[in-house]
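Q: The listed protein sequences derive, respectively, from chains X and S.
Just so you know, my numbering puts 412 at position 412 of the first sequence, and the rest follows in order with no gaps.
Each position in the second sequence, counted from 1, maps to that position plus 447 in my numbering.
Misleading hints may appear alongside valid ones.
Below are the DMTMM-like pairs computed for lysine to aspartate or glutamate, each with C-alpha atoms no more than 20 Å apart in a straight line [what the hints assert, rightly or not]:
| # | chain 1 | residue 1 | chain 2 | residue 2 |
| --- | --- | --- | --- | --- |
| 1 | X | K282 | S | D927 |
| 2 | S | K490 | X | E354 |
| 3 | X | K197 | X | D127 |
| 4 | S | K533 | X | D41 |
| 5 | S | K533 | S | D477 |
| 6 | S | K533 | X | D415 |
| 7 | X | K282 | S | D477 |
| 8 | S | K737 | S | D706 |
| 9 | S | K490 | X | E48 |
| 10 | S | K485 | X | D41 |
| 11 | S | K453 | X | E248 |
| 12 | S | K751 | X | E61 |
| 13 | S | K737 | X | D41 |
| 14 | S | K490 | X | D50 |
| 15 | X | K429 | S | E470 |
| 16 | X | K429 | S | D644 |
| 17 | S | K490 | X | D25 |
| 18 | S | K684 | S | D644 |
| 19 | S | K485 | X | D188 |
| 20 | S | K610 | S | E572 |
| 21 | S | K485 | X | E226 |
| 22 | S | K762 | X | D188 |
| 23 | S | K762 | X | D415 |
| 24 | S | K485 | X | D220 |
| 25 | S | K881 | X | E13 |
| 26 | S | K453 | X | D299 |
| 27 | S | K811 | X | D220 |
| 28 | S | K881 | X | D41 |
| 29 | X | K429 | S | D477 |
| 30 | S | K610 | X | E175 |
| 31 | S | K485 | X | E223 |
| 32 | S | K811 | X | E175 |
| 33 | S | K811 | X | D25 |
| 34 | S | K453 | S | E493 |
| 35 | S | K485 | X | E175 |
| 36 | X | K198 | X | D232 |
Label-pair ranges, simulated between beta-carbon atoms [what the hints assert, rightly or not]:
| # | chain 1 | residue 1 | chain 2 | residue 2 | range |
| --- | --- | --- | --- | --- | --- |
| 37 | S | H631 | X | R180 | 15 to 25 Å |
| 38 | S | P483 | X | K198 | 23 to 33 Å |
| 39 | X | H229 | S | R835 | 39 to 49 Å |
Honestly, the hints are just simulated from the structure, not real lab data.
Virtual Cβ for every residue (Gly too), placed ideally from N, Cα, C.
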Amino acid sequence: MRYISNTPAQQREMLATIGVASIEDLLARIPSGARLGRPLDLPPAMAEPDLIRHLRGLAAENADADGGVCFLGAGSYDHAIPSPINHLVSRGEFFTAYTPYQPEASQGTLRSIYEYQTMIAELTGMDVANASIYDGASSLAEAALMAHSVTGRDQVVLAAGVNPLYRAVVETYAEGPALRLRTTPLGDGATDLAAAKKMVSGKTAALVIQSPNFYGCLEDLTEAAEIAHAVDALLIAVTDPVNLGVLEPPGALGADIVVGEGQGLGVPMSFGGPNLGVFAAKQDLVRRMPGRLVGATVDLEGRRGYVLTLQTREQHIRREKATSNICTNVALCALMATIYMATVGKQGLRRVGELSAAKAHYAAERLGRIPGVRLRFGAPYFKEFTLDLPKPPARVVQRLLRDRILAGVPLRPFDRTLKNALLVAVTEKRTRDEIDAFADALGRAVA
Amino acid sequence: MPQYDKLIFELSSPGRIAYSLPEPDVPVADLHALLPAKYLRSKPAELPEVSEVDIVRHYTRLSQLNYGVDTHFYPLGSCTMKYNPKLNEDMARLPGFARLHPLLPARASQGALRLMHDLAAYLAEIAGMDAVSLQPAAGAQGELAGVLMIRAYHLARGETRTKVLVPDSSHGTNPASTAIAGYHVVQLKSERSGEVDLLDLERHLDAETAAFMITLPNTLGLFETRITEITAMCHAKGAQVYMDGANLNAILGITRPGDLGFDVCHFNLHKTFTTPHGGGGPGAGPVGVKAHLQPFLPTPVVTKSPDNTYGLDWKRPQSIGKLQAFWGNFGMLVRAYAYVRTMGAAGLRSVSENAVLNANYVMKRLESHYDLGAPGPCMHECVLSARRQKQQAGITATDIAKRLLDLGFYAPSTYFPLIVEEALMIEPTETESKETLDAFCDAMIQIAAETEKSPDVIREAPVTTSVRRLDQTLAARQPDLRWRPAR
């Protein structure tokens, strides 16, 4: 049998050692009435070549970003992934290990997480980063719970520009502790901070702001921090770390907790998961943080080494009093991000940001020249922008699929008032030719 | 192996690069011309400046400091560290899966949606459940989803129940997830075998009890013989019963949670269904429910239309909502799907039978050398106690774990479950051969002998790893959580 090592002869030997006649004897504790009296109703086992053919067939039904030119974003981006990442994370010593409970035999994982924490703290401008949460949305939900526990308050104010898919996850996590969520109005693409100021109060645990926001626009974090801090609430900033080679880090602008989606840092889009939940905070909040933390220490002989630390925050020790229920996180995605950040390095990450922004602005200008197509918002944007189209965006997206252009994300499902809006993302991978071809195809589709 | 203790930052040299990015091909490439200065980074992020060969050598060397399933027997109990098939890795990396954006129109992602739909159906059949959501990112998130569905179910019936019961032998995530879902957690005593103490259960089951959450087989590796009685007791009081599916590898095709009376169970695809553990994730923690909980499943739900097309259904007014931004850890779902299709029904049953055989073989070979957490036969894992070794020579479960590292094995889970003193929880899994198990048992027996004859060799272990025992107290007292350049 595939993936089972013992031969029938060995099975008999082992049964003899145990002193039973059959495996069935070992299962005697399971009452007969509790047994499944038939084989599971599953498709028959497939041999490797057949399975490959089958899965290639399923994969071929999908419009992937190799077969088409990808302009979709909204939390998952087609940034370039340097080749060494896949080779290195595929090493079995990394990807077949588990949580480093025995640090002496897990120094590779531990040291790479320590590097990851350092890079994320540096990028976000924060003091400490944890070893990862599942994705950007669940990181935000954890941050909201943390703000609730730090402040003892139960209201969270979310800026209108927070990704609605993230807001939905915060709503789910808010159910148990009965947090009350309020959403500010949107201004001209950026959050209406004057309205936000009126919404926060002494009951507010945190103000949440995302920059660049869901619509691609940049937010004024400094002002948001002042608004939050004026009522002794925390500022939670949602960010995309791949942009932080060029954008001012939220930590420098007053954020108390920074969360975000790290998928752009070398993690494949993979239909939306696994992603990488980034989570960083100021030093004085470290003992309230969710998730694992790796710290440097020394061994018996004084050599530098790394361990999981401050574990008294965690579920396996604190049980119902833990700061979070998270156990397994996304360590391998954090490793991808670590290798990514080392590969692009200090200069390259800046270059990724510059190229993405420059190409996005070229694309917005080029697409905005099409009759009937215009930029929806006036606020400054970064690598993603919202267009209003003269025809229903969902139909336009279908039409452009024929030209192998993955045109963007129609926003109507997220916001009924944006029934003509299409969200377009441009990364450093897109070429001027691809953008021009997109503009030509869009021009034909809306003509 | 020579010592290698560098951090990537310590290899950095100004001006060295590893990236390869195109030159700008658009007219305006200067950010200051495009964006107001207040948004732009004033001080560059101090990331390393290294070459590609630096990176490859550094991370290759780091990997060599790890033990993994590919290099070592990894009997970490409760974690099901089975072999991770290479084929599944190839399949998850097909561009049609790995390079797929989650927000494409359904018509442009039919293959991915069909794979999810069918995997959910297979998992439902395996667990005897009516519906499965693939969205939870890991077991703990599956638990949270399950408990929130139970909560929504009670509320929809106009009942506000306030507490959830968990045994004292449970995984820490159970009480933690339950607390986040807004419930008061009541811990029940277990019998010495780890089985539920029915009297204690009866004492605490009342109209305030929303659910009872248990692991099956339990964390001592034993099947709960009175399980159908337990689920019936709970239902009689209107409580729901949740199965922590961490130990599902023991019962595939033998018995099904749904048939035993469970209302909810989660699956750890990184345990039972071979997706790699990745040094601590990503995993995937799908959650299965009976029909009465179906309206509360996370959104969106993958649906199949009569015309055999697949889509995402968002119109679920009673849903508990979303757990992550998109649809689940899809890359892990591809691997699990490939595994189920490789094994088929007979293969999966054989998985559990061999997992049980291997665990009992280890228990038998070690039972005269170590105390047992509970008498056998066990299911897929066995729990030993180092009680005797501690009394004899002060050798603890930790000491034994460290000595195993020197003898070429990763360690069992230690100090879990909490109800067994000096616990060593061993889960061999079905993928290991008798030869490997014999070598491991020989090492364990050697350690038991060393306890009497040369305990210092155990106390000083490990000596063959890249570092020796590490100072945990220092790490916690003076947290050093990031590198900073020497001033």
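Q: Each hint should be assessed against the structure and marked as holding or not.
A: Checked hints:
no.: 1; hint: K282(X) to D927(S); verdict: holds, 14 Å
no.: 2; hint: K490(S) to E354(X); verdict: holds, 15 Å
no.: 3; hint: K197(X) to D127(X); verdict: violated, 27 Å
no.: 4; hint: K533(S) to D41(X); verdict: violated, 26 Å
no.: 5; hint: K533(S) to D477(S); verdict: violated, 45 Å
no.: 6; hint: K533(S) to D415(X); verdict: violated, 43 Å
no.: 7; hint: K282(X) to D477(S); verdict: violated, 32 Å
no.: 8; hint: K737(S) to D706(S); verdict: holds, 10 Å
no.: 9; hint: K490(S) to E48(X); verdict: violated, 52 Å
no.: 10; hint: K485(S) to D41(X); verdict: violated, 61 Å
no.: 11; hint: K453(S) to E248(X); verdict: violated, 30 Å
no.: 12; hint: K751(S) to E61(X); verdict: holds, 15 Å
no.: 13; hint: K737(S) to D41(X); verdict: holds, 18 Å
no.: 14; hint: K490(S) to D50(X); verdict: violated, 54 Å
no.: 15; hint: K429(X) to E470(S); verdict: holds, 11 Å
no.: 16; hint: K429(X) to D644(S); verdict: violated, 61 Å
no.: 17; hint: K490(S) to D25(X); verdict: violated, 69 Å
no.: 18; hint: K684(S) to D644(S); verdict: holds, 17 Å
no.: 19; hint: K485(S) to D188(X); verdict: holds, 18 Å
no.: 20; hint: K610(S) to E572(S); verdict: violated, 30 Å
no.: 21; hint: K485(S) to E226(X); verdict: holds, 16 Å
no.: 22; hint: K762(S) to D188(X); verdict: violated, 30 Å
no.: 23; hint: K762(S) to D415(X); verdict: holds, 15 Å
no.: 24; hint: K485(S) to D220(X); verdict: holds, 9 Å
no.: 25; hint: K881(S) to E13(X); verdict: holds, 9 Å
no.: 26; hint: K453(S) to D299(X); verdict: holds, 15 Å
no.: 27; hint: K811(S) to D220(X); verdict: violated, 66 Å
no.: 28; hint: K881(S) to D41(X); verdict: violated, 30 Å
no.: 29; hint: K429(X) to D477(S); verdict: holds, 17 Å
no.: 30; hint: K610(S) to E175(X); verdict: holds, 15 Å
no.: 31; hint: K485(S) to E223(X); verdict: holds, 12 Å
no.: 32; hint: K811(S) to E175(X); verdict: violated, 48 Å
no.: 33; hint: K811(S) to D25(X); verdict: holds, 14 Å
no.: 34; hint: K453(S) to E493(S); verdict: holds, 17 Å
no.: 35; hint: K485(S) to E175(X); verdict: violated, 37 Å
no.: 36; hint: K198(X) to D232(X); verdict: holds, 14 Å
no.: 37; hint: H631(S) to R180(X): 15 to 25 Å; verdict: holds, 21 Å
no.: 38; hint: P483(S) to K198(X): 23 to 33 Å; verdict: holds, 25 Å
no.: 39; hint: H229(X) to R835(S): 39 to 49 Å; verdict: violated, 59 Å
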